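Student: Here are the chains, one letter per residue:
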Amino acid sequence: MTQYIMRRLLLLIPVMLIVGVLVFTLVHLTPGDPAAVILGPDATSEDVEDLRERMGFNEPLYLQFFSWFGGVLQGDLGESYYLDRPVTNALLDRAAPTILLTVYALTIALVIGVPVGIISAVKQNSIIDRLAMIFAISGVAIPNFVFGIFLIMVFAVFLGWLPSGQYTSLAEDPVDHFRRMAMPAFSLGFSSAALLARLVRSSMLDTLKEDYVRTAYAKGVAFRHVISRHALRNALIPAITIIGYSVGTLLGGAVVTETVFTLPGMGRLVVNSIARRDYPIIQGAVMIIAVMYLLANLTVDILYVYIDPRIRYGD
Amino acid sequence: METSRTRDAGDADSLRDTGSRKGFLKRIGPQSRWYWARQMLENPVAVGSMIFILLVVAAAFIWPLLSENYPFRLNPVGRLEGPSADFLMGTDQFGRDVLLRGVFGARISLAIGLSVMMMSGILGALIGLIAGYYPRLDTPIMRVMDGIMAFPPILLAIAVMASLGPSTGNVIFTLGVVYTPIISRLVRGSTLSVKQQLYVEAAQSIGVKDFGIMIRHIFPNTLSPLIVQCTFIVALAIIAEASLSFLGAGVPPEVPTWGAMLKDGQTVISRAWWMITVPGLLLFATVLAINLIGDALRDAIDPRSRQR
Numbered sequence: 001m002t003q004y005i006m007r008r009l010l011l012l013i014p015v016m017l018i019v020g021v022l023v024f025t026l027v028h029l030t031p032g033d034p035a036a037v038i039l040g041p042d043a044t045s046e047d048v049e050d051l052r053e054r055m056g057f058n059e060p061l062y063l064q065f066f067s068w069f070g071g072v073l074q075g076d077l078g079e080s081y082y083l084d085r086p087v088t089n090a091l092l093d094r095a096a097p098t099i100l101l102t103v104y105a106l107t108i109a110l111v112i113g114v115p116v117g118i119i120s121a122v123k124q125n126s127i128i129d130r131l132a133m134i135f136a137i138s139g140v141a142i143p144n145f146v147f148g149i150f151l152i153m154v155f156a157v158f159l160g161w162l163p164s165g166q167y168t169s170l171a172e173d174p175v176d177h178f179r180r181m182a183m184p185a186f187s188l189g190f191s192s193a194a195l196l197a198r199l200v201r202s203s204m205l206d207t208l209k210e211d212y213v214r215t216a217y218a219k220g221v222a223f224r225h226v227i228s229r230h231a232l233r234n235a236l237i238p239a240i241t242i243i244g245y246s247v248g249t250l251l252g253g254a255v256v257t258e259t260v261f262t263l264p265g266m267g268r269l270v271v272n273s274i275a276r277r278d279y280p281i282i283q284g285a286v287m288i289i290a291v292m293y294l295l296a297n298l299t300v301d302i303l304y305v306y307i308d309p310r311i312r313y314g315d
Numbered sequence: 001m002e003t004s005r006t007r008d009a010g011d012a013d014s015l016r017d018t019g020s021r022k023g024f025l026k027r028i029g030p031q032s033r034w035y036w037a038r039q040m041l042e043n044p045v046a047v048g049s050m051i052f053i054l055l056v057v058a059a060a061f062i063w064p065l066l067s068e069n070y071p072f073r074l075n076p077v078g079r080l081e082g083p084s085a086d087f088l089m090g091t092d093q094f095g096r097d098v099l100l101r102g103v104f105g106a107r108i109s110l111a112i113g114l115s116v117m118m119m120s121g122i123l124g125a126l127i128g129l130i131a132g133y134y135p136r137l138d139t140p141i142m143r144v145m146d147g148i149m150a151f152p153p154i155l156l157a158i159a160v161m162a163s164l165g166p167s168t169g170n171v172i173f174t175l176g177v178v179y180t181p182i183i184s185r186l187v188r189g190s191t192l193s194v195k196q197q198l199y200v201e202a203a204q205s206i207g208v209k210d211f212g213i214m215i216r217h218i219f220p221n222t223l224s225p226l227i228v229q230c231t232f233i234v235a236l237a238i239i240a241e242a243s244l245s246f247l248g249a250g251v252p253p254e255v256p257t258w259g260a261m262l263k264d265g266q267t268v269i270s271r272a273w274w275m276i277t278v279p280g281l282l283l284f285a286t287v288l289a290i291n292l293i294g295d296a297l298r299d300a301i302d303p304r305s306r307q308r
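Note that the protein sequences, when read in sequence, are chains A and B. Residues in the first sequence are numbered from 1 upward in steps of one, following the working numbering. Residues in the second sequence are numbered from 1 upward in steps of one, following the working numbering.
Check before you lean on any hint, since a few could be wrong.
Claimed, not checked - Which chain A residues stay away from chain B? Per the calculated CB distances, all over 10 Å, these: (1) Thr30; (2) Arg54; (3) Tyr62; (4) Asp76; (5) Asn89; (6) Val114; (7) Gly248; (8) Thr259; (9) Arg277.
As the list claims (entries may be wrong) - Okay, the calculated beta carbon distance ranges per label pair: (10) A:Leu73 with B:Asp146: 11 to 21 Å; (11) B:Asp146 with A:Ile5: 15 to 25 Å; (12) B:Leu137 with A:Glu59: 26 to 36 Å; (13) A:Gly56 with B:Gly48: 52 to 62 Å; (14) B:Gln93 with A:Tyr82: 21 to 31 Å; (15) B:Lys209 with A:Asp76: 22 to 32 Å; (16) B:Pro252 with A:Arg8: 36 to 46 Å; (17) B:Gln93 with A:Leu162: 39 to 49 Å; (18) A:Gly71 with B:Trp63: 50 to 60 Å; (19) A:Ala275 with B:Ala111: 21 to 31 Å; (20) A:Glu49 with B:Pro252: 26 to 36 Å; (21) A:Val111 with B:Pro83: 35 to 45 Å.
As the list claims (entries may be wrong) - Partial list, derived from the structure: chain B residues whose beta carbon lies under 10 Å from chain A: (22) Ile53; (23) Leu55; (24) Phe151; (25) Leu156; (26) Met161; (27) Glu201.
Simulated from the structure, these hints should not be mistaken for lab results. Bear in mind the structure is a predicted one, so any value in this text is a computation, not a measurement. Even for Gly, the Cβ is constructed at its ideal location relative to N, Cα and C.
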C-alpha cells in the first residue's frame, strides 16, 4: 500500500511537468508581444521594453520556462502586474472561500445524490424513481451559474429569505457565513448531486441483481441490512470514481459561481484578472487548481483500494 | 386493450401498405444497420427533443426576418419594460426585444456547440487512432491528453480565452482543444481492441497502408460510442460558451448570446425577471433536449445501457 502511494506520488511529477508546460504556454499564446498587450495601446516603447526586461521575456523561451517552473516547485508563482504583490500570497488570501465552497458543494452533492440514487434503485420504476430521475436529468442540464441566478431571484429578491452577495468568513460569524454560502453551495453542488444520483442508481441496480444479494435474502437477512451491508457497499465503488471527477467540475464551477454571488475567492480573482491582463495571477490560479484536482484524484484512487480489497494496484 | 388493437392494425397495415411511415419503420428489423434509427423514431422523448431543437433553429433563423423588432434595434423610450403584446417577454436596458434576442442567441450557441463537436471529434478521433495504433506513440500522446484533463475544463477555457482575447473563433478553438482528450481516450480504447481483430491483420498482410487501415477498417468500428459522446460534447460546449460569455471571456459583448444576456440580466435582477428567465430557460431546455437525444442514441446503439 505504501509502495503504491509512493509510486502514484512519483507519477505525479511527469503530469505536473506537462501541466506546467501547458500553463506556461498559455501566456505565450497571446498574439503579439505579451508586454505590449499587458500595458495596452497607450504605453511607450520604453515602458514595453522595461516590462519585457522585468518579466524576463527577452530570455530564450526554455530558460523562461525553467526559471518559472523552478519557482513554482518552491511555491513562488511570480509577481502580479496589477496587485503589485506575490501571486502566491494573493491567491492564498483568496483560497478559503473557494475551498469552503467546493467542500460544501461536494457535501451537498453526496447528501442529496447518494440517498436519492439508493431510493430510486430500491423502488425502481415507482413514482419516486421517476421523479428522482427527472430531477437527475434536469440537474445535469442546468448550468450552475444559471441555477445560481434563479436561486438569487427566488430566495433573495422575491422571498427575501437569504442574503446574496458579500462574504462573511467562518471565523467571523458562522451563522451568517452559512446563510451566505447556502445558495452558492447549493447551485454549485446541484449538478454533481444529479450526476451522482444517476450513477448510484444504476450501479445499485446492477448490484441488486448479484448472486450474493439473492443469497443474503435467501438466508433471511432483513431487507434493510441487505441494502445497507451487502448492496450499498459494493454499489458505492463506482460512485467514488465520479467524486474525483466531481472535484474538478466543482473547482471549475466555483470560478463561475463566485462571480455570480460575488464571493472573494480565487475564481473571482481570476475573472477580474482577465480584463486587467494580469497573466501571472491566471497562470498561478490555474496551476494551483490543477494541482488540487490531481491530489483529489489521487486521494480517491487510494480510498478505492481501501474500500475494495479486490483492487490491488502494486503489480 | 385499445392500444393493442391499434398496434395489431398497424402491423396488418404495414404488410399491405409499406409506404406509410409506421409501416416503413416496422420493416427495419433488429438485423438492419438502421435499427437504431427506428428505435430513435419510436422513442417519444427523443422525437420530442429533436422537434424542440428544430423549432429553436427554425425560429432563430426565420423569426428575426419576419419580426419588425430587430434583435439589435435600440429603443431608448421603452427600456426594461415588462412583457406586453409588442414585446412578448419584455425589453432589456436598451429597449431591445428580450425574447427575440434570446431566440437569436440560439444561433451562436448551437453554431459554437456544433463547431466544437466537429473540431474535438475530428482532432480527438485522429489522436486516438494514432495513439491506439502505434504503441510507441501511445504513452507520450496520452500523457499530454492526461495533462489537459488535469484542468477543470471551464478553468482551462478561461485561461486560454484570457490570452487569446474574446472572439467566436477563439471560443471554438479553445473549447475544441479542451474537449479533445475525452474523444481521444474513447477512440484510443476502441482502437486498441479493434486492432486485435483478424480483419486488421488480414489488411496488414496484404499490404494496406497504415493510414488506410486506420480510416477504413478501424475508424468505422469506433463510431457508435464516438457519435454518442459527440452529442454530449455539443451540450457541454453550449454550457461552457454560456459560462465564458457570462464571465465576459467568451464571444464579444455586442453579439447576443445567452451567457451575455444572463450577465446583463443579473445586474437588474430585482427589476426585470424576464431578462434572466428567457435566456436561462432557453439554455436549460436546449441542453436538456440535446442530452436526452444523446441518452436515446446511446440506448438505441447499445441495448445493454437501456435498463439503466
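Student: Identify every previously stated hint that the structure contradicts and give their numbers, smallest first.
Tutor: 1, 7, 8, 9, 15, 17, 22, 23 and 27
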